[in-house]
Structure formats: structure tokens, C-alpha cells
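J.: I would like the entire structure built from these sequences, with the hints used as guidance.
So the protein sequences, as listed, match chains A and B. Just so you know, we're using the numbering used here here: the first sequence kicks off at 256 and counts up by one. Just so you know, we're using the numbering used here here: the second sequence kicks off at 256 and counts up by one.
Quick caveat, the hints were computed from the structure, so don't treat them as lab data. Heads up, a few of these hints could be off.
Treat identical chains as interchangeable: a pair holds within one or across any two.
Derived DSSO-like pairs: lysine-lysine, alpha-carbon spacing no greater than 30 Å straight-line [what the hints assert, rightly or not]:
#1 K474 - K364
#2 K479 - K357
#3 K474 - K357
#4 K479 - K364
#5 K463 - K474
#6 K479 - K463
The primary structure of each chain is shown beneath.
Number of protein chains: 2
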Amino acid sequence: MDVEQYMAELGAAARAASRVVAAASTSVRNTALLAARDALDSARAELSAANAADLARGADNGLEAPLMDRLQLTPARIDAMLEGLTQVAALPDPVGSITDMKAMPSGIKVGRMRVPLGVIGIIYESRPNVTVEAASLCLKAGNATILRGGSEALASNMAIARCITRGLEQAGLPAAAVQVVDTRDRAAVGRLITMPEYVDVIVPRGGKGLIERISNDAKVPVIKHLDGTCHVYIDAGADEAMAEAIAVNAKTQRYGTCNTMETLLVHASMAASLLPRLGEAYAAAGVELRGCERTREWIPAAGTAVEADWYEEYLGPILAVRVVDDIDAAINHIDVYSSRHTESIVTADHAHAMRFLREVDSSSVMVNASTRFADGFEYGLGAEIGISTDKLHARGPVGLEGLTSQKYVVLGEGQIRS
Amino acid sequence: MDVEQYMAELGAAARAASRVVAAASTSVRNTALLAARDALDSARAELSAANAADLARGADNGLEAPLMDRLQLTPARIDAMLEGLTQVAALPDPVGSITDMKAMPSGIKVGRMRVPLGVIGIIYESRPNVTVEAASLCLKAGNATILRGGSEALASNMAIARCITRGLEQAGLPAAAVQVVDTRDRAAVGRLITMPEYVDVIVPRGGKGLIERISNDAKVPVIKHLDGTCHVYIDAGADEAMAEAIAVNAKTQRYGTCNTMETLLVHASMAASLLPRLGEAYAAAGVELRGCERTREWIPAAGTAVEADWYEEYLGPILAVRVVDDIDAAINHIDVYSSRHTESIVTADHAHAMRFLREVDSSSVMVNASTRFADGFEYGLGAEIGISTDKLHARGPVGLEGLTSQKYVVLGEGQIRS
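T.: What follows is the structure, encoded as C-alpha cells:
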């Protein structure tokens, strides 16, 4: 197979299909989503057989247990895919809305219309359910999609793609509106991210290494999600029970997520009363602490944090803790070490709350809430394709709106410029 | 001079200054703008002397006449710079506004706050007034700026920079909030576009070649403005007087601008009545026509358009003209040949107007108006830093809003995730 040629064909077909999808009504796109759901429901046996083939191949290749787990399409995961399609079909359609229409002195009216981006390339790892999640969000937002999942999930992804194709065809939409790259050749990724003539944006989902590689090599804009080194700062005078609840929840509710707190900052005046009880709470939860010198005065069991700890995204039961002298020191620490994903202040001081909101330059900035809320569902987006740590275009959880752009529309009555 | 080292120093200083500017109040930023205006006004002799040095150097180097003209800082151009600063100071401040604040089922409130992008790198050619225009818009939007103008304008730009510095200092803002790169070494550009640790976005202003080179080499996002191959489509049944007025204005009001029409599409049913009178109007204005075969039936004086003409951005008194059979053919032509800048339909048919608005994928889409309106001032943005032909982030004329991003803000009362 000539991968260059194959990818160019997928790209050209996607570009043509994107025009049809963009012009399709909301109900046509929803019909496709619901018909794909029904097709998946009818194809459970086919999906399981394809998935079994992937699993057998994975076992032969000595795939590690966590990868084997993510690869698996259990009946419960198929149910969740179907439910996801139902939910995405029920979301409000972002496409076509016109906002900010204003009359100008020249007599023209100027507004902005929300429109699809065009063709979206999705690059992800071994979870086959991402195929449905990503394709359905892109389709709902009026885009065509080219999906390149992990090669170990290829049979499962192709089986899912056949069901989505049935859904598209039932709605009268072109099959090329959702295409899964049908090759394990790694050159396919390199081509996908360097065809700006066919692909408008790349959304990679996976580890930091994958995303950095893609961002470096891409000739197409990338909506990227790098690491989440999230902070909670407990301010002087904060409610102690609230501070403890948020500090424990932000760390322990789930360890492996990007919105999990990785460094806790505590105002010096709160250290004596708060750190010992937090030390106990984290010990009970099995969290290893790495503290600054002042932290270790109050939590002698804590290890010593070294410079590298302040940068670390542990993604596990480890937490760095630092005592700071004031809110300026907290904001400075965040400015130096944060990955600018999500930070929260626990405070009773309104002026400090407002300063933190204004001055902390992260995609989500919170007052008196757990960092774990930084999530498309919790923010009311309905679903998310990822969380962007970029500043341009979409920042923070990316829902349907992040998969669209806004163009200017001008309504005149024959105006010319003088 | 070690250019790598020098640029890194500018970058680090800009990054530090950007935090101060972002936290500064509206009135502090406005004070800096107005104080810079007064400093420029008091420094007219200094500006003229620096500009004379640039002009003398340009003459020695055999700079072409149009470049020499753009380089010149006449008293009228200095007046316009001062007026621009007054206007930017008067614009509403985009920074800090919180929108879409909504209560979520968990009890948290989620909204979006508009915040500066951080550090903006501006790369431009020989016009020194761009230094003031770009710096003032970036500063108003709360950003620090590094400006790299054409080397032939270096003395003028440094003289302007000294005045801006005086304005910043008078407002208590760091001088590094606006820095002009003080070297003619071309390596400075290469470094500026590859320091994501210091620069958040690059805005190039200049010819297509410059912008393509920068986009290819940049490791920082680029808000780019490539070419404007703009179209007007005259639909069946359009008002003929309106169609003629728009078709003439869109081509002839100015030739060298990106929103000037380069190809006119005429519905076949309008050809007999409209093309002869348009042929006369364009002949009177000195516009050379290059038509399809059907065009040349009605305008025998027109030359023959070849395939390359449909792609051409003439930026001069030349126009391609094509007769099409229906609105689908018009939209298809635009889809294939347009640079997706600005397109306009002249029509009396409401459904056609709505289809054109929806289906034409360009940064500005118009009904019954001249393409020449695609402009930040005409759209009520107050000013523009450029016109973006990208789909992500800012699309179309980019004003203050395009120089900001939106982060999520979350207000809680101690909520944790369960």
C-alpha cells in the first residue's frame, strides 16, 4: 500500500464530504448519530469478534496489562458508546447561530456566524471507544473526521467505522464524513498532520510524548493538551474544613487525571493548624508527601521536595507541599512551575479571590472549588474532545464550540465604500 | 552582538513585563497610551532626524521608490500616529470581562474571563507607523510586545520606541512592555518565532512570501493573513444598478487591498444586460478584463482568462470575469479558487442569500455589499492588527478581542467532586 497516496485519497474525500456535512441540517446530522447508535447496537457480535481479534493479536505481541484493558470493548463499554451517541444527538447544535449582529454607520449589518472547522484529524491511542466519542462530536459540529487510532485497536476501530458509515448512509450523508485510517503503517500519522490542503486541525489524544511529537511535526494547527500540573493555594484565613475537603478531594478523588492537584500551597499562617491534619488525611489515603522545609516542620513524615518536584505531574498518590508567605508568593510559584491547566484558591478574602482569578494565567482558575471540576461535563459543555492548554482558539475543556469557528457575515442593501 | 542571547533577554524581559501589564488597570494602560502620544508629539524633531537617517541610508542602498515612500514619517503620518493612540485609548477595554457565568448542577458557577494572550511578537516591513499601531493595540489588550520592523526603518522605529518607553514609565509600567528589536541581523526573526517559552503568538504583517516563511518556520502560533482572492457573485434577478455599483466599487475603490474583488461571477441570465454595461464601466476606470468564453461574447474587448487567472490576486486594475449557470456553480467556483478571505453575493432571493452565507467558507461572507467593507474599522472593531485567513482563534479582521484569550473561571463555596 502506498500510504502517501492512500492518505491523500482519504483527505480529498474528507474535504469533499465536509462541505456536505457543513450544509446538512441539524436533524440530518442527528439522524446519522442515532442511526450509527442503532447500527452499533445491532453489530455487537461483529464488534466483539473484531475486538477479540485485536486482543489476541495484542496478547501475541505481549501488550502490557493496562493497554490490554483499555483495548477491551466490554458490553458495558459498548453500552456507554451508545449512550454517548444519544447524548451528543441531544446536544444543542452550535452550527449556524448568528450573534452580535450590529448596524454600522455605513448602513451594513455585521455579525458572526458559527460554522464548522471543516476536516478534523484525530490521533489517539488504544481505546476504541474514542472512535465513537470523537467522530460523534465532530459530526455534530458539522465537520468531517479522519481518525487514526492505535494500531493495536485497528480491527475494533474498523468494525466501529462500518457502523458509523451505516448511520451516515441512512441519513443521506457521505460515508467519507467519518473515515478510520485502515493501516497500521506509522507513516499515516506523519502524512495526516502535514496535509493542510485537506485537514484543518489535528486533535491528538494521548500522552504528553505523543502530543509533543505531533505538535512539533504538524503543518496543520493542533488543539493540544499537554500536562496538568495543577495547584491549590490555601490562603490566610480560609475556612479550615473547606480547605481540607478541597485539598483532599483535588488530590485523591482520582490520581491519573490531568485536573488532579499535584502541588499544594499553604499560607504560612495556616501551616500550624492545617498541615498536621492534612498530613493525617493524606496518610490515611496513602498519599506520599514531598514538602518544603517549613512543611516538614509540621509533617515530619513528609519527604523532602526537590526543585524537580514543583514541576512534576505525578499522576499518582504523591503530592508536593509548599508553605508560602503570601498570595504573591503563591501566584509567583504558580507562574514559574504550573503547566497552566487548572489552579484553585481557597479563601475567605474577596479581594484575594478576584486577584487570583485575574492574575493566574491558566485555562481554568477557581475559587473555593476542587480542581477536579475542570471538565467538559462539569462545565456544562455536554461532552469534551479534550482539554486545551493552548491560549489561542479553544482554552480549557473543548466541547462542540471548540470544534467550530466564527466567520463574519455582512448584510447590506447595496452599500458600497466611499 | 550575540543575537540568540539578545533575543532571549528581550523575551525574558517581555515575559516578566507581560504579567505586570496584564494585572494593570484599564486606566493605567490608557495613561501609558496617552503619555506615549504626548511623548511622540514632543519628539517630532527627534523622529524626523531618525527618519532622515533611515531615508539617507535607504537612498544609499538604492531602495525602490515605493519602499522609500512607505518608510517616510511625514508630519501628517506623525499626526495620524498620535490620533491612532488617542483612538486606541478610547476603545473599550476587552480585558477582565466575565461572560456566560452559569450555575452548574454541582453548585459551582462557571464562566469565561477575557484575558491577555501574554507576549505578542510583531514582524513587519518598512512602515514605521506600524510600530505605534501594533504596540498600542497589544498594550491596550494587556499584552507585552516585541516588535521587529524592517531593518531599513530601524532608526525611526527606535526613536518611536523611546517615546513609547517614556509613556510606559509615566504610567508606572515596565519599559519591557514594548520592545523594538534593535538589530538589523536577520537571525533575530528566526529566534523570535522559535521561543515559545517567551512569546505566545506571532502576528506578521507584510507580503504573502514573508508570512508563508514565518508560518513554516515558527514554533509559536501565528495569526496569519495570506492572500485575498475575493469574489462577487451577481445572482439571477439581482437589482442591476446595485449589482453594477457593487461590482465597480469592489474592484476600483482601491486596487492594492486584500479585500478588493479579483474575480466577478455573473449568473448566465444576467450576462446580456449586465456585462456590456460593466464592460464600459471597467473600461472607463481603466480596468483590464480577463473573461471566460461566455463573458467575451458580451464584452469582446476582454482578454481570455486562463486557469491561473481564477487563482490570481492581481492587487491592481485587472479583473477576471466568469459567467456561471447557477448559485451552485458560483459556490463551487469560490470553493475551488478562493483564498477564503471575503466573498459577496448580490441577490434579491432570500433563500440564495442564506445559502451563500451558510455555505461559503470564507472569513467574511456578505450579501448586497462591497467586499471592500471587510475591515476592522468598518466592522466596528475600532482598529485592526490584521485580517486573519486562519480558521482557528481569530478569523477575519482582528481587533482587540483577537489579541486576548478566554479562560474558564469557577466560583465555588467549597464544592468537591464526588
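J.: Name the hints, by number, that the structure is in violation of.
T.: 1, 3
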